[in-house]
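Put the two chains together into one complex, using the hints given.
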Amino acid sequence: MDFKIGRSIKSSNGIINTGKQNNKSSQTNPFGVSFKGNIIGADVFINENKIESKITKPFNKMKLFFSAIINGHNIFNEKLKQSMNKVSDFANKIKNETKALFINTKDKIKETISNIKENLSLTPKEGTLKYYSKMSVKELENEFNKEIKNINNNEGSKNG
Amino acid sequence: MVSEKVANIIEALGKHNDNSSIEVLVKVGTNCENDEIRELTARALVKKNDEKSLRYMLLSRGKGVNDLSSSVAMSTINELIALKDKTNLYKIIDETITENIDNDIRDTIRSIKALINYSN
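So the sequence lines, in the order shown, correspond to chains A and B.
Under this note's numbering, the first sequence has 2 at position 2, and the numbering climbs by one with no breaks.
Under this note's numbering, the second sequence has 118 at position 118, and the numbering climbs by one with no breaks.
Just chain B, with the same shape it has in the complex (with noise of 0.2 Å):
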């Protein structure tokens, strides 16, 4: 069980208005051994809703909707169909599904797309 410490400063780096946090939370957080750590960063990272964060998210390798723990990969999932504004999201998942050459990554963003349509 991760401390309420780590939750929070993980928290306050999602929050920051300083978009140098995004890289923080991908540098320290992603790469966490720590499951629950990598879960609270890829949740905190779609919250905010920002183009570079949410391209993290869906198109790096072992991070995100990629992760290989699948806890990680479902609760990132979730956090993005909970989006309320999607546009950042649809564009990314378009620009992929047309443009990404990599076949395992196209093929996750198309069944993300196929979720975020069933659940709307």
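This is chain A alone, in the form it adopts within the complex (with noise of 0.2 Å):
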């Protein structure tokens, strides 16, 4: 319980005062107590609101503070965690999609130096379609015969 003595402390904010005179409010006082020859009177209590103003208010908004922050920690690793999952997956996404763009366009690419070098070329590779799209009937007549009898040898042979 705060207190302050009537006279003779008096403390530099002023919490504290004293007083040697025994007035009747020290005499009714149920918790009277003598300190230093002085009588505590009832009077003699200070206000608490005001010692909560100038002393506990401060410390109570500092202990609130330091709470909110270590209920905020919580809070914000969870939040900083979430966050940090959804940009992991996010760069995972983009990684993927990275990588599969760039096998496609790699492929692309082949195929279209494959189809250029063989536009590019003045004599087709042999048996592609090109090679045959060049003859006449009579030429492409003779290729047909040579391997329908192609493929009857070797249908021939595997028979016996």
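One or more hints might be untrue.
[Said to hold, decoys possible] Cross-link-like lysine-lysine pairs, in silico, DSS-like; alpha carbons within 30 Å at most:
no., chain 1, residue 1, chain 2, residue 2
1, A, Lys134, B, Lys47
2, B, Lys5, A, Lys134
3, A, Lys138, B, Lys15
[To be verified] To be clear about the criterion: a stretch of chain B counts as covered by chain A if any three or more of its residues have a C-beta under 8 Å from a C-beta of chain A, and this derived list gives those stretches:
no., region
4, 3-17
5, 25-35
Honestly, the hints are just simulated from the structure, not real lab data.
The model shown is predicted, which means the values in this text are computed figures rather than measured ones.
Note that CB positions come from ideal geometry on N, CA and C, so glycine has one too.
Next comes the structure, spelled out in structure tokens:
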């Protein structure tokens, strides 16, 4: 319990006051005790609100502030974790898509290069459609007969 | 399995501007023992969408839709159904249904007509 003494002791912040005279109120104080020969009176009690406002209020505020920090720290951690997960998911997605795109592009480039090579070459590769497209019907007929003979020979050798 | 070479030769003949390629395909391709070659030839002739080549595929006994191999006949029918311009095809079908004496061929053509109408 906070209290003040009547007269002689006066602190810089004025919380504690002392007084030697015994007034009526000190005699009626049920908690009346002596302090260095002075009687502590009921009227020496200081309004608690005043003390709280000067000492405990800032402290309470600090407590609240730190408690908020500690509680907030957990929430912040969770939020941070969630956002980090989101970021890593997004990064993974981008990575995979970029990889797939790169592979596709690589294949397309290869295909295009081989097509260009085939188109630019004066003599198309034997057996390709382009190679046969340049032939006359008579030449194609000969090729056709030759291939059918080969197939028949292969089938004949397989059978026996 | 037919080699890529043969498939390319048949395709080249099918795309050839010279119409004598039809005769080569009919003579060499449709008379071949190999089912796969006959199938590829029939498809190439239908894709040509020429009246002469379509007549071979629809009206000749043992060729195209009348082939003894069901896979050859079915793939020819599929190719006929897939044709974008069916003017020549309808002309031959209508003529055959009204004029052709051969009952078997007439029945086959009638069935093909029904299939084409159903698929449209």
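Hints, verified against the model:
Annotation: proposed proximity of lysine 134 (chain A) to lysine 47 (chain B) holds, straight-line Cα distance about 20 Å (limit 30 Å). Annotation: proposed proximity of lysine 5 (chain B) to lysine 134 (chain A) holds, straight-line Cα distance about 14 Å (limit 30 Å). Our distance criterion of 30 Å between C-alpha atoms is met by lysine 138 (chain A) and lysine 15 (chain B), whose separation comes to about 14 Å. Given a C-beta distance limit of less than 8 Å, the hint that chain A covers the region 3-17 of chain B holds, as 12 residues qualify and 3 suffice.
As drawn, the region 25-35 of chain B meets chain A at 5 residues by the rule of a beta-carbon pair under 8 Å; at three or more, the given contact holds.
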